[in-house]
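2 protein chains.
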Amino acid sequence: MSRDQETRTEDRLARVALTWLTEPGTWSVHRLVERLGAPATLTLLCEGGAPEEKLHATVAARLAAGDSRAAAARALERTDRLGARIVTPDDDEWPAGVEDLRRLALSGASRRVDTETAPPLCFWVRGAWPLAEAMARSVAVVGARAATPYGVHVATELGYGLADREWSVVSGGAFGIDAAAHRGALNAGGVTVAVLACGVDRPYPMGNTALFDRIAETGLLVSEWMPGAEPLRPRFLIRNRVIAAATRGSVLVEASARSGATQTMRRALAIDRPGMVVPGPVTSAMSVGAHELLREQPTARLVTGVAHVLEEVGRIGADLAPPARGPRRPADELDDEAALVLESLPRRGLRSPDAVAARAGVGVRVALRKLSLLEELGLVVRRDGGYALAPPPDRRPAGTRPAGAPPQPE
Amino acid sequence: MSRDQETRTEDRLARVALTWLTEPGTWSVHRLVERLGAPATLTLLCEGGAPEEKLHATVAARLAAGDSRAAAARALERTDRLGARIVTPDDDEWPAGVEDLRRLALSGASRRVDTETAPPLCFWVRGAWPLAEAMARSVAVVGARAATPYGVHVATELGYGLADREWSVVSGGAFGIDAAAHRGALNAGGVTVAVLACGVDRPYPMGNTALFDRIAETGLLVSEWMPGAEPLRPRFLIRNRVIAAATRGSVLVEASARSGATQTMRRALAIDRPGMVVPGPVTSAMSVGAHELLREQPTARLVTGVAHVLEEVGRIGADLAPPARGPRRPADELDDEAALVLESLPRRGLRSPDAVAARAGVGVRVALRKLSLLEELGLVVRRDGGYALAPPPDRRPAGTRPAGAPPQPE
Numbered sequence: 001m002s003r004d005q006e007t008r009t010e011d012r013l014a015r016v017a018l019t020w021l022t023e024p025g026t027w028s029v030h031r032l033v034e035r036l037g038a039p040a041t042l043t044l045l046c047e048g049g050a051p052e053e054k055l056h057a058t059v060a061a062r063l064a065a066g067d068s069r070a071a072a073a074r075a076l077e078r079t080d081r082l083g084a085r086i087v088t089p090d091d092d093e094w095p096a097g098v099e100d101l102r103r104l105a106l107s108g109a110s111r112r113v114d115t116e117t118a119p120p121l122c123f124w125v126r127g128a129w130p131l132a133e134a135m136a137r138s139v140a141v142v143g144a145r146a147a148t149p150y151g152v153h154v155a156t157e158l159g160y161g162l163a164d165r166e167w168s169v170v171s172g173g174a175f176g177i178d179a180a181a182h183r184g185a186l187n188a189g190g191v192t193v194a195v196l197a198c199g200v201d202r203p204y205p206m207g208n209t210a211l212f213d214r215i216a217e218t219g220l221l222v223s224e225w226m227p228g229a230e231p232l233r234p235r236f237l238i239r240n241r242v243i244a245a246a247t248r249g250s251v252l253v254e255a256s257a258r259s260g261a262t263q264t265m266r267r268a269l270a271i272d273r274p275g276m277v278v279p280g281p282v283t284s285a286m287s288v289g290a291h292e293l294l295r296e297q298p299t300a301r302l303v304t305g306v307a308h309v310l311e312e313v314g315r316i317g318a319d320l321a322p323p324a325r326g327p328r329r330p331a332d333e334l335d336d337e338a339a340l341v342l343e344s345l346p347r348r349g350l351r352s353p354d355a356v357a358a359r360a361g362v363g364v365r366v367a368l369r370k371l372s373l374l375e376e377l378g379l380v381v382r383r384d385g386g387y388a389l390a391p392p393p394d395r396r397p398a399g400t401r402p403a404g405a406p407p408q409p410e
Numbered sequence: 001m002s003r004d005q006e007t008r009t010e011d012r013l014a015r016v017a018l019t020w021l022t023e024p025g026t027w028s029v030h031r032l033v034e035r036l037g038a039p040a041t042l043t044l045l046c047e048g049g050a051p052e053e054k055l056h057a058t059v060a061a062r063l064a065a066g067d068s069r070a071a072a073a074r075a076l077e078r079t080d081r082l083g084a085r086i087v088t089p090d091d092d093e094w095p096a097g098v099e100d101l102r103r104l105a106l107s108g109a110s111r112r113v114d115t116e117t118a119p120p121l122c123f124w125v126r127g128a129w130p131l132a133e134a135m136a137r138s139v140a141v142v143g144a145r146a147a148t149p150y151g152v153h154v155a156t157e158l159g160y161g162l163a164d165r166e167w168s169v170v171s172g173g174a175f176g177i178d179a180a181a182h183r184g185a186l187n188a189g190g191v192t193v194a195v196l197a198c199g200v201d202r203p204y205p206m207g208n209t210a211l212f213d214r215i216a217e218t219g220l221l222v223s224e225w226m227p228g229a230e231p232l233r234p235r236f237l238i239r240n241r242v243i244a245a246a247t248r249g250s251v252l253v254e255a256s257a258r259s260g261a262t263q264t265m266r267r268a269l270a271i272d273r274p275g276m277v278v279p280g281p282v283t284s285a286m287s288v289g290a291h292e293l294l295r296e297q298p299t300a301r302l303v304t305g306v307a308h309v310l311e312e313v314g315r316i317g318a319d320l321a322p323p324a325r326g327p328r329r330p331a332d333e334l335d336d337e338a339a340l341v342l343e344s345l346p347r348r349g350l351r352s353p354d355a356v357a358a359r360a361g362v363g364v365r366v367a368l369r370k371l372s373l374l375e376e377l378g379l380v381v382r383r384d385g386g387y388a389l390a391p392p393p394d395r396r397p398a399g400t401r402p403a404g405a406p407p408q409p410e
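Residue numbers (full-length UniProt numbering), protein chains in the order written: chain A, 1 to 410; chain B, 1 to 410.
Any given hint might turn out to be false.
What the hints assert, rightly or not - Cβ pair distances, simulated, as ranges:
hint: 1; chain 1: A; residue 1: Ala-285; chain 2: B; residue 2: Ala-146; range: 51 to 61 Å
hint: 2; chain 1: A; residue 1: Gly-305; chain 2: B; residue 2: Ala-146; range: 19 to 29 Å
hint: 3; chain 1: B; residue 1: Ala-146; chain 2: A; residue 2: Pro-234; range: 14 to 24 Å
hint: 4; chain 1: A; residue 1: Ala-257; chain 2: B; residue 2: Gly-37; range: 54 to 64 Å
hint: 5; chain 1: B; residue 1: Ala-96; chain 2: A; residue 2: Phe-175; range: 27 to 37 Å
hint: 6; chain 1: B; residue 1: Thr-218; chain 2: A; residue 2: Ala-285; range: 51 to 61 Å
hint: 7; chain 1: B; residue 1: Glu-77; chain 2: A; residue 2: Glu-296; range: 23 to 33 Å
hint: 8; chain 1: A; residue 1: Asp-90; chain 2: B; residue 2: Asp-272; range: 51 to 61 Å
hint: 9; chain 1: A; residue 1: Ala-307; chain 2: B; residue 2: Asp-67; range: 51 to 61 Å
hint: 10; chain 1: A; residue 1: Ala-257; chain 2: B; residue 2: Pro-346; range: 32 to 42 Å
hint: 11; chain 1: A; residue 1: Ala-257; chain 2: B; residue 2: Arg-78; range: 35 to 45 Å
hint: 12; chain 1: A; residue 1: Pro-51; chain 2: B; residue 2: Ala-307; range: 19 to 29 Å
To be verified - Chain B residues, not near chain A, derived (Cβ > 10 Å throughout):
hint: 13; residue: Arg-165
hint: 14; residue: Glu-217
hint: 15; residue: Asp-272
hint: 16; residue: Pro-279
hint: 17; residue: Leu-368
hint: 18; residue: Asp-384
Claimed, not checked - To list a few chain A residues with every Cβ distance to chain B over 10 Å, as calculated:
hint: 19; residue: Glu-99
hint: 20; residue: Arg-301
hint: 21; residue: Leu-377
Keep in mind the hints are simulated off the structure, nothing from the lab.
C-beta atoms are modelled at their ideal positions from N, C-alpha and C, and glycine is treated no differently.
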């Protein structure tokens, strides 16, 4: 391991340990990390050197429960076992937008959710897409859990329409508007990202488990909290700042008065992201928050569909990322026969070279040659006289990558 | 008749004649009247001196059909027969707001409806309220004819709520939103004003005849066109400028794309009246115009109910008129017995003093004394040995007022 790699590994471990010690978004921690780096900040906090009384007490309480570095090491193992990965600002896939959260420091508000708005320390990610690429052309669709059929219809249409135009749809995975937006994107065969307020291993709510499974397969599950973390109530509001900042703009579909979703919109507007609002019947309690936002926020923009949304996020114009093409996979470069052979392998378990040849419709000799190539590329593994699909590169614990596989973000 | 009265009568006749010669809102006519006065303008036009080719042609065509002064005299007679009255800028009840239409001169647009935006020359009015008083605390509620049940519900609630708070509700008398707003106001026992695009004797559409009868009884029917005038298509848009200018603010409830109602709103905003828009489901074609207006007009304000509307029109604050109390009638000052006697007279026809005494439950001598007082006040007339209700003061031709009756706006 090179000196540089060592430093990066230490930084990653320290960020995970800091996540265990303190809540994401804590400004005092962010400022220390900016000044001293994550490892020195961790040391300082563990030695009782927190610069603020409140942080001091929080850290002391956590340290009484265990050792932060040991907890971080356990979290790293658990992350690997899950096939998840940790993303830090050192990684290429770090979503640049969240750095704009620095600007929220000036709000001067006293409520906890208004003070815990610092940029994230790290993310846990499940899914094959590089996080930055999924976020580069993304729109957040947020709204009420207790959505009406009208809101669900509108959010689904928006999710579908955005995905259909190769925009990622980002939301929070909740019932109602969130789920409808994710589903719309999935139905269009697009990319959708659920930013969670709990561990990526236990996406909340349970009732959306099937949805989260679909999202993990073709999109991303993302969280600032380590695996096993519970969806505590304040975390939803802390999480919302990431949805607002990591995307190109946010659309509110339905919200009751003083909903968490309107807070996401205020975050977005505060850092100059387009904040878009879908109106609804004035007779509906679930549109009260949407209308209030349109009345109170002069920069909030009324939108009635995907065309209006694209008009807003399209404003960023020239610097706009091209449609996301997803992670470049070695499989993308295969010749036709190799691709056929790869497709002939079962999703789970082994298949013999003969059976592979038969399914792929190629000779056994060709099958063996292609299997050997695929093995070299890290796409298949040989085991017990048969071949199996290799686990996806991003779900593979560090250090287990086969030679020849391209470097993967982690 | 005094010299002043003579001048006013001549001015009134000339304005009526000019209405017969040209369409209301014509800028070239308005400018001539400003410079020369109405009688000299009439003379100039009748002598072929129109300053513009188009106006010249219009006037020539009308003059070929008859004499303008004779037509005006016939219109005055017809107005009297209808129990209607003509209101000109000389009258106390002239609604001051319409003078702000001068500012629309600068629009520089070339469409006819955009050039015919000059202040009115005169109004025909049916109903007991002084026009200026009804308009002083008024809100226009406008929208689609093909309104949805949602729009009808919202407009009715708005009409009711405004009237309930002693604001007049002004609209155009059309099906859909207009009718719903008028009905809401009537149901609250409030004042509602229908500004028509045709003669006040034949309010359009016929299907709203019962509604117009209710409005004429307790509110006002108003038009810039003389009795008998037909509701020609362009007149609706010309009329809309009066709805926008005579009121304190306008609320759009439902409108399809490019609806006439959105044009009313643009007029209102152009002369700095609050332009308010009720949003609706984005899935409804009847809210497309409303949402477009909110997106295109930065000063248009989203409102969801009467509280928001009053917040906007309440901005005018200190100069705001107190709640309209309606015309002060001599009958309001009567003692109980005189009031009973007055109520005992039939709505049409005569009744003998004996019959009046019997119905009123007073002695014949008391009845005779009160009838005599009422006659002096101009409230009853004696005829053929019986008594009848006098026609309402505002429906009485000039010069026929009984002595002792207070001056009435005309």
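Item to check | Separation of A:Arg-301 from chain B, once the least beta-carbon distance is taken, above 10 Å | outcome: Given that some Cβ of chain B is not farther than 10 Å from that of A:Arg-301, nearest at about 7 Å, it is violated.
Next on the checklist: Please check whether A:Ala-257 and B:Arg-78 have a Cβ separation lying inside 35 to 45 Å.
Outcome noted: 56 Å, violated
Item to check | Minimum Cβ distance from A:Glu-99 to chain B greater than 10 Å, as the annotation requires | outcome: The claim holds: A:Glu-99 sits with its nearest Cβ about 31 Å from chain B, beyond 10 Å.
Next on the checklist: For the hint 14 to 24 Å, verify it against the beta carbon of B:Ala-146 and that of A:Pro-234.
Outcome noted: 49 Å Cβ-Cβ, so the 14 to 24 Å window is violated.
Next on the checklist: Verify the CB-CB distance for B:Thr-218 and A:Ala-285 against the hinted window 51 to 61 Å.
Outcome noted: Between B:Thr-218 and A:Ala-285, where Cβ atoms are some 35 Å apart, the hint is violated.
Checklist entry - Could one say that the CB atoms of B:Glu-77 and A:Glu-296 fall in the range 23 to 33 Å? => result Violated: the Cβ-Cβ distance is about 57 Å, outside 23 to 33 Å.
Item to check | Distal placement of B:Asp-272 relative to chain A, Cβ over 10 Å | outcome: Non-interface label on B:Asp-272 holds, nearest chain A Cβ at 18 Å vs cutoff 10 Å.
Item to check | Distal placement of B:Arg-165 relative to chain A, Cβ over 10 Å | outcome: 18 Å, holds
Item to check | Beta-carbon spacing of A:Pro-51 to B:Ala-307 - inside the hinted bounds 19 to 29 Å or not | outcome: With a Cβ separation near 47 Å, A:Pro-51 and B:Ala-307 fall outside 19 to 29 Å, so the hint is violated.
Checklist entry - Regarding A:Ala-257 and B:Pro-346, is the given constraint of 32 to 42 Å on their beta-carbon distance met? => result The hinted range 32 to 42 Å is violated for A:Ala-257 and B:Pro-346, with Cβ atoms some 57 Å apart.
Item to check | CB-CB spacing for A:Phe-175 and B:Ala-96 relative to the 27 to 37 Å hint | outcome: 55 Å, violated
Checklist entry - Between A:Ala-257 and B:Gly-37, does the C-beta distance stay in 54 to 64 Å? => result For B:Gly-37 against A:Ala-257, whose Cβ atoms are near 58 Å apart, the range 54 to 64 Å holds.
Of the numbered hints listed earlier, those contradicted by the structure are 1, 3, 5, 6, 7, 10, 11, 12, 16 and 20.
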